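2 protein chains.
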Amino acid sequence: MKSITRLNAGRLFSTAVPRHSAQPFFADEPKAPSVQTAVPGPKNQAAAKELSEVFDTRSLNLLADYEKSIGNYIVDLDGNKYLDVYAQIASIPVGYNNPHLAAAVNTPEMVRAIIDRPALGNFPSADWSHILRTGLLAAAPKGLNQVFTALAGSDANELAYKAAFIYKRSQERGVGADFTEEELKSTMVNEGPGSPQMSILSFKSAFHGRLFGSLSTTRSKPIHKLDIPAFDWPAAPFPNLKYPLEEHAKENAEEEQRCLQETERLIKEWHNPVAAVIVEPIQSEGGDNHASPAFFQGLRDITKRTNVLFIVDEVQTGVGATGKFWAHEHWNLSTPPDMVTFSKKAQAAGFYYGNLALRPAQPYRQFNTWLGDPVRAILFRAIYEEVQNKNLVENTAITGEYLYKGLETLAQKYPNAIQNLRGKGQGTFIAWDSPNRDEFLAKAKTVGVNIGGSGATAVRLRPMLIFQKHHADILLEKLDKLLA
Amino acid sequence: MKSITRLNAGRLFSTAVPRHSAQPFFADEPKAPSVQTAVPGPKNQAAAKELSEVFDTRSLNLLADYEKSIGNYIVDLDGNKYLDVYAQIASIPVGYNNPHLAAAVNTPEMVRAIIDRPALGNFPSADWSHILRTGLLAAAPKGLNQVFTALAGSDANELAYKAAFIYKRSQERGVGADFTEEELKSTMVNEGPGSPQMSILSFKSAFHGRLFGSLSTTRSKPIHKLDIPAFDWPAAPFPNLKYPLEEHAKENAEEEQRCLQETERLIKEWHNPVAAVIVEPIQSEGGDNHASPAFFQGLRDITKRTNVLFIVDEVQTGVGATGKFWAHEHWNLSTPPDMVTFSKKAQAAGFYYGNLALRPAQPYRQFNTWLGDPVRAILFRAIYEEVQNKNLVENTAITGEYLYKGLETLAQKYPNAIQNLRGKGQGTFIAWDSPNRDEFLAKAKTVGVNIGGSGATAVRLRPMLIFQKHHADILLEKLDKLLA
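In order, the protein sequence lines correspond to chains S and R. Just so we're aligned: 10 in the UniProt record's numbering is position 10 of the first sequence, and the numbers increase by one with no gaps anywhere. Just so we're aligned: 235 in the UniProt record's numbering is position 235 of the second sequence, and the numbers increase by one with no gaps anywhere.
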């Protein structure tokens with residue numbers, strides 16, 4: 001392949017890394033990106049104008065032709081084909097127009113799931129238990145065997161917060177104790193003790209969603225939060241690690257200790273008692289910030305000591321992208337998290353838990369009309385089958401290692417353009433800082449790569465689980481070209 | 001028909017009301033409910049037990065066989081067939097296994113919408129504008145020509161609240177003015193001025209959802225709110241009308257005036273400035289509480305005078321059930337609402353608006369990964385076609401009038417069991433208070449009627465839009481039997 005030849009000619013890559021060892025998962029994928037028009041092209045521009053008359057297009061990236069998109073390639077209205085390492089903000093798991101998913105959803109069962117949508121808390125379908133057991137629960141994190149379904153990451157997190165508040169207050173009240181008259185009355189006017197001044201602790205630069213509760217735990221960027229009322233909840237510092245990690249082991253460990261100590265202090269001293277801590281395995285929207293397994297084990301220990309719940313937000317990290325199905329598997333925790341939230345690549349959303357006391361003792365406390373979506377629970381099952389059948393977690397671990405090595409080499413060649421390369425051993429969940437990030441992302445499109453950013457300066461790679469070494473080669477070659 | 005014969009024998013119904021004038025919409029519907037087992041039957045009990053091992057079933061009503069359910073009839077696992085006037089908590093619009101919907105979703109376009117789910121704010125499909133224009137926007141309330149899509153009623157309301165806060169703060173700041181350093185900094189720690197102490201005014205006994213922002217405006221029942229932190233937002237009194245309306249015209253008008261005055265006072269005096277008022281055309285979860293068009297026009301006038309936004313929550317009332325497509329059409333408002341939220345029978349969710357200033361001036365302020373769901377936007381279009389082609393709004397108005405008359409007659413026969421009958425002229429959106437409501441609802445199943453409650457004492461009817469006079473006859477006959 002041209003890309004490899006050129007890179008090898010520059011002796012960038014060790015020949016010890018095997019290449020092209022795997023069969024392509026999508027035989028009909030384009031062999032390479034192709035961009036034939038200006039970006040955006042004329043058809044995209046016309047369509048964007050028409051759409052903007054009725055829909056907010058201020059965040060528009062491109063209008064896609066999903067009929068022509070396939071595997072790792074997204075095709076725009078002008079026929080340009082981009083290698084997609086952004087994947088609908090990290091939410092497409094196994095490729096555009098994946099035939100296994102198409103077959104799984106092209107069924108009378110799916111038609112009924114769409115047109116006869118049940119209120120799952122009241123009138124679930126006969127096969128709801130089976131759909132959960134063969135899908136979402138088959139993929140449950142170790143130690144958790146229950147699921148509460150939701151519609152997206154933001155409400156998945158809020159349902160987990162609600163579970164935490166209800167659990168903590170029922171612990172304080174004493175299991176089985178009735179609500180007091182004062183509680184029943186005060187909650188109707190949004191006051192304590194019925195509506196308690198309690199809190200969820202999150203971390204600086206975290207992202208947990210944009211609804212009012214989840215936004216109160218989001219600390220990614222001002223533009224996400226400005227003008228929206230927020231709860232008076234605490235934010236602990238998240239470790240600010242220095243790269244390369246090997247060269248800063250001691251000070252990074254000290255930084256993590258500092259953050260853990262401050263977290264424990266906040267839990268103990270914050271004026272609105274903390275019911276739960278929520279953390280992302282890798283802070284994603286906030287700039288791809290990592291911490292070590294020791295940090296997360298420390299966090300788990302603190303939550304145990306202080307009797308608060310430990311929620312792991314795997315909305316972006318879950319479902320294979322880090323080289324484990326759930327990113328928190330990298331930590332080898334002494335006890336599982338109390339709740340793990342998911343969405344995005346799962347397509348379905350919700351939270352896992354294990355302790356049945358996290359189900360409120362009374363009905364209609366954690367409740368809403370739809371309580372999730374069977375369409376996406378069925379889809380998740382097909383995704384999970386595809387991941388298992390094609391060993392896509394392993395593929396992502398292997399491809400990620402290969403891609404990371406290639407990026408290390410590029411970072412040596414362009415030390416200013418690729419700073420703080422991170423995500424080693426985390427599958428394809430790789431990022432770096434770039435001084436002209438936004439310009440870089442825009443230019444990437446002109447060479448046929450659809451790539452996203454996170455935080456203020458990070459370029460984040462979020463390829464699908466079907467991203468293979470030959471895709472990595474193309475990406476590396478295009479990056480080389482862009483940076484040259 | 002037996003039912004009619006029996007009722008007519010008792011001279012309950014005027015022969016002036018035409019009966020059975022319309023062809024059934026579903027030729028294959030059961031002719032009548034049939035219940036062959038105890039409720040729940042043995043298969044339901046076994047399935048409920050299995051499901052409860054992995055999913056919270058505390059609110060379980062029955063497990064349904066959606067393959068066998070058809071039109072107005074839901075079938076349970078034991079083969080019992082219920083006339084369904086609850087319809088998945090008022091969310092099934094045009095009947096189980098509606099063939100028009102089945103055909104509309106059984107397409108390659110729908111398969112792609114499921115398996116290639118776009119991040120609509122970044123990468124919408126080529127036909128997203130067309131889907132909106134021929135579906136959600138074709139059905140938009142008069143005066144509103146923009147839509148912001150969401151996933152369910154609760155987040156639709158929260159997005160409307162966010163739009164209101166952003167709009168109000170940008171008005172205060174001055175259009176085009178930059179954020180201050182203090183705003184940018186303070187919002188990252190959830191403090192003012194960046195995260196302002198502003199509020200949404202809702203009404204007592206309102207229901208607007210269960211996420212943290214929407215729950216802060218929900219005032220239906222303590223069990224919906226207990227133990228969950230809430231914003232310090234105001235609740236105005238909602239009119240407590242006396243029935244029959246004709247006999248209490250003067251005091252009801254006074255009651256509405258009292259509520260309007262208190263609403264205006266709260267808007268002017270509440271310590272956290274009010275950005276918007278949200279109101280349901282008929283308070284649904286809170287007990288089917290009605291108010292007159294004059295009340296809502298008064299509310300509209302107050303919001304204009306006080307410069308706050310007027311949000312109408314049509315999540316439960318929208319899409320035809322009141323005999324108008326949108327319930328607020330009954331009011332003939334002098335100016336349209338600023339925002340109208342929808343979900344449930346729309347299957348899609350979101351809010352309509354007309355003023356482009358409700359789109360934030362900067363990108364990524366009203367944003368999330370999926371921003372709605374093309375699956376449901378396509379489904380909505382098919383629902384809307386079915387509603388238009390079959391004149392289902394008119395059907396609901398006519399059937400509702402017929403049903404209401406029948407219920408009036410029953411209320412005369414059983415004045416203790418049917419109190420405060422309400423919903424006249426509001427299609428099939430009819431309710432009454434019953435002293436032994438929960439027992440009544442449970443018994444209704446044993447005679448083959450699936451029926452729901454609202455508030456503490458109301459029996460609420462929420463049939464689908466395909467509910468016809470012959471279904472009303474069956475319902476009236478079963479109610480008569482139950483009450484006898």
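Just so you know, these hints were derived from the structure itself, not from any lab. Here the structure is a predicted model, which is why all the values come from computation and not from measurement. Note that the Cβ used here is the ideal one computed from N, Cα and C, for glycine as well. A few of these clues could be false.
[What the hints assert, rightly or not] Taking lysine-lysine pairs in the BS3-like style, the calculated list, with each CA pair at most 30 Å apart, reads:
#: 1; chain 1: R; residue 1: Lys221; chain 2: S; residue 2: Lys168
#: 2; chain 1: S; residue 1: Lys168; chain 2: R; residue 2: Lys242
#: 3; chain 1: R; residue 1: Lys390; chain 2: R; residue 2: Lys443
#: 4; chain 1: S; residue 1: Lys49; chain 2: R; residue 2: Lys443
#: 5; chain 1: R; residue 1: Lys142; chain 2: S; residue 2: Lys221
#: 6; chain 1: S; residue 1: Lys204; chain 2: R; residue 2: Lys49
#: 7; chain 1: R; residue 1: Lys168; chain 2: S; residue 2: Lys268
#: 8; chain 1: R; residue 1: Lys142; chain 2: S; residue 2: Lys185
#: 9; chain 1: S; residue 1: Lys242; chain 2: R; residue 2: Lys185
#: 10; chain 1: S; residue 1: Lys413; chain 2: S; residue 2: Lys443
#: 11; chain 1: R; residue 1: Lys221; chain 2: S; residue 2: Lys142
#: 12; chain 1: R; residue 1: Lys221; chain 2: S; residue 2: Lys49
#: 13; chain 1: R; residue 1: Lys49; chain 2: S; residue 2: Lys168
#: 14; chain 1: R; residue 1: Lys204; chain 2: S; residue 2: Lys204
#: 15; chain 1: S; residue 1: Lys221; chain 2: R; residue 2: Lys49
[Stated by the list, open to error] Rough simulated footprint, nothing fancy, chain S against chain R, three-plus residues with beta-carbon under 8 Å:
#: 16; segment: 297-310
#: 17; segment: 388-399
To see whether the hints hold, each was checked on the structure:
Distance restraint check for Lys221(R) and Lys168(S): the Cα-Cα separation of roughly 21 Å lies within the 30 Å cut-off, and the hinted pair is therefore satisfied. With a C-alpha separation of about 42 Å, the suggested pair Lys168(S) and Lys242(R) falls outside the 30 Å cut-off, and the hint is violated. For the hint linking Lys390(R) to Lys443(R), the alpha-carbon distance of about 33 Å lies beyond 30 Å, and the restraint is violated. Pair hint Lys49(S) plus Lys443(R) does not hold up; C-alpha atoms about 57 Å apart against a cutoff of 30 Å.
As the CA atoms of Lys142(R) and Lys221(S) are separated by approximately 37 Å, the hinted pair breaks the 30 Å bound. Restraint check for Lys204(S) and Lys49(R): not satisfied, since their Cα atoms lie roughly 43 Å apart, outside the 30 Å limit. Between Lys168(R) and Lys268(S) the CA atoms are separated by roughly 37 Å; this puts the pair beyond 30 Å, and the hint is violated. With a C-alpha separation of about 40 Å, the suggested pair Lys142(R) and Lys185(S) falls outside the 30 Å cut-off, and the hint is violated.
Proposed proximity of Lys242(S) and Lys185(R) is supported: the alpha carbons are some 24 Å apart, at most 30 Å. Proximity of Lys413(S) to Lys443(S) is assessed by CA-CA distance (about 19 Å); at most 30 Å being required, the pair is judged to hold. About 37 Å separates the Cα atoms of Lys221(R) and Lys142(S), which puts this hinted pair outside 30 Å; it is violated. The hinted pair formed by Lys221(R) and Lys49(S) fails the criterion: a straight-line CA distance of about 46 Å is larger than 30 Å.
A C-alpha spacing of about 27 Å is found between Lys49(R) and Lys168(S), which places the hinted pair at or below 30 Å, so the restraint holds. Taken as a hint, the Lys204(R) and Lys204(S) pair is broken in the structure, with Cα atoms around 37 Å apart against an allowance of 30 Å. Taken as a hint, the Lys221(S) and Lys49(R) pair is broken in the structure, with Cα atoms around 46 Å apart against an allowance of 30 Å. With a cut-off of 8 Å between beta carbons, the segment 297-310 of chain R has 0 residues touching chain S; three or more are needed, and the interface restraint is violated.
Here's how the segment 388-399 of chain R fares: 0 of its residues keep a CB closer than 8 Å to some CB of chain S, so the rule of at least three is not met and the hint is violated.
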